[in-house]
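Trainee: Produce the entire structure from the sequences given, and follow the hints as far as they go.
Keeping their order, the protein sequence lines are chains A and B. Numbering-wise (the numbering used here), the first sequence opens with residue 80 and increments by one. Numbering-wise (the numbering used here), the second sequence opens with residue 260 and increments by one.
None of these hints come from the bench; they were simulated from the model. Don't take every hint at face value.
Restraint-style ranges between C-beta atoms, simulated for each label pair [claimed, not checked]:
#1 B:284 x A:280: 43 to 49 Å
#2 A:279 x B:286: 34 to 40 Å
#3 A:187 x B:340: 26 to 32 Å
Backbone N, C-alpha and C define an ideal beta-carbon position, used for all residues, glycine too.
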Amino acid sequence: MATKPAKPEGRVRYRRAAVPGLAALATTGALVFATAQGALGVQFAISGMPFDVTASSLHGEGFQQYGGLDQTAPGSPNLQDENGQQLVFVSVIRNATIHNLCQSVNLVGTNLLIKAGGGANAVTATNLVLDSDSLVGDEADFNNISIGQDASTMTEVPSLAGPLGVFGQQADSVDITNVRQHNWAATAATFKLPNLSMTFSDNGC
Amino acid sequence: MTEHEEGAPAATEARPSAARRARLAFRHWRRTRPFWGGFLVLAGGAEMLSLFYVPWKVILHMGLYGVSGYVVPIVLCVLGLSLLFDPQHRTFYSILALLFSIASWMTSNLGGFMVGMLVAMTGASLAYGWSDAPAGAKEEDEETGPESGTEQVPTS
Chain A
80 MATKPAKPEG RVRYRRAAVP GLAALATTGA LVFATAQGAL GVQFAISGMP FDVTASSLHG
140 EGFQQYGGLD QTAPGSPNLQ DENGQQLVFV SVIRNATIHN LCQSVNLVGT NLLIKAGGGA
200 NAVTATNLVL DSDSLVGDEA DFNNISIGQD ASTMTEVPSL AGPLGVFGQQ ADSVDITNVR
260 QHNWAATAAT FKLPNLSMTF SDNGC
Chain B
260 MTEHEEGAPA ATEARPSAAR RARLAFRHWR RTRPFWGGFL VLAGGAEMLS LFYVPWKVIL
320 HMGLYGVSGY VVPIVLCVLG LSLLFDPQHR TFYSILALLF SIASWMTSNL GGFMVGMLVA
380 MTGASLAYGW SDAPAGAKEE DEETGPESGT EQVPTS
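Mentor: Listed below in structure tokens is the structure:
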């Protein structure tokens, strides 16, 4: 009993811990507020789990689309029946404006629901890349479309051209109403999400 | 005597079993560093990373901005490990971890849909508040070790 441990043991001083904790919480509150106001852009990069996206309208400036094959990480439990592969089409939009965005991810037993862009403030995203296996819309208008172009020669979003020798199409602009997408991956350089709300729900979008 | 964990008054045990020795050694290791702080920072970073384990090929054509979605959680994991294995610099690591967990809101799926962000923040705060200096007047930490040798188990 008399021997001292080689190193002194310590413990958490909660009063000291509260200082950065409260500062961080305050900052978080400010960030969430700024995001919900649409003042702050956030970045999205989600994949590996399928998720649904719906929107009442989608307007895109600079649109290109091509086929692709998504591969889950080696050993991933998802998609074992398909050898971890999922045929998708990749939609790239340079500047997207989305009204009434709803995104839901099915976690086991519940859905995480993210809504944004209701009312007058639309969601905006730059360099949006979506890997989808289904895309349904009421009406789609393409402006200046070229279909059948090799994906590697696309010019609408030059940094995000597709692979060589793959069928693709591109358009100067696109408008789709009542979009419903089933996605496997989505990334966006910046995402502005006014009127953000995150909830858990039994039902998806 | 604040620390009997479960029954078994330690002083009466002449020869602790190997399992018990390991448990005590681990406990000592745990208490000589901001264990829960570092662990939570690590867990928060891992949660964010788990959200995009991934078709890399799609990510590959993202630029620097896209990469930051990975970098922030990876740095958080590294900071969590640093807190565990280099506790002397915990103030530095914990403040960095705090800043990176805040940054993750913007870079990594709203901080792993807030979960990883809050977990990492909690961990960073706990690590910041952790101290191994004697607590003022109270110094009632008595290691239970039945043999003096038990405490000296090298922990590295």
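Trainee: Between the beta carbons of residue 284 (chain B) and residue 280 (chain A), is the distance compatible with 43 to 49 Å?
Mentor: Holds: the Cβ-Cβ distance is about 46 Å, inside 43 to 49 Å.
Trainee: Against the range 26 to 32 Å, how does the distance between the Cβ atoms of residue 187 (chain A) and residue 340 (chain B) compare: consistent or not?
Mentor: holds, 29 Å
Trainee: In this structure, is the beta-carbon distance linking residue 279 (chain A) and residue 286 (chain B) contained in 34 to 40 Å?
Mentor: holds, 36 Å
When each numbered hint is compared with the structure, no violation occurs for any of them.
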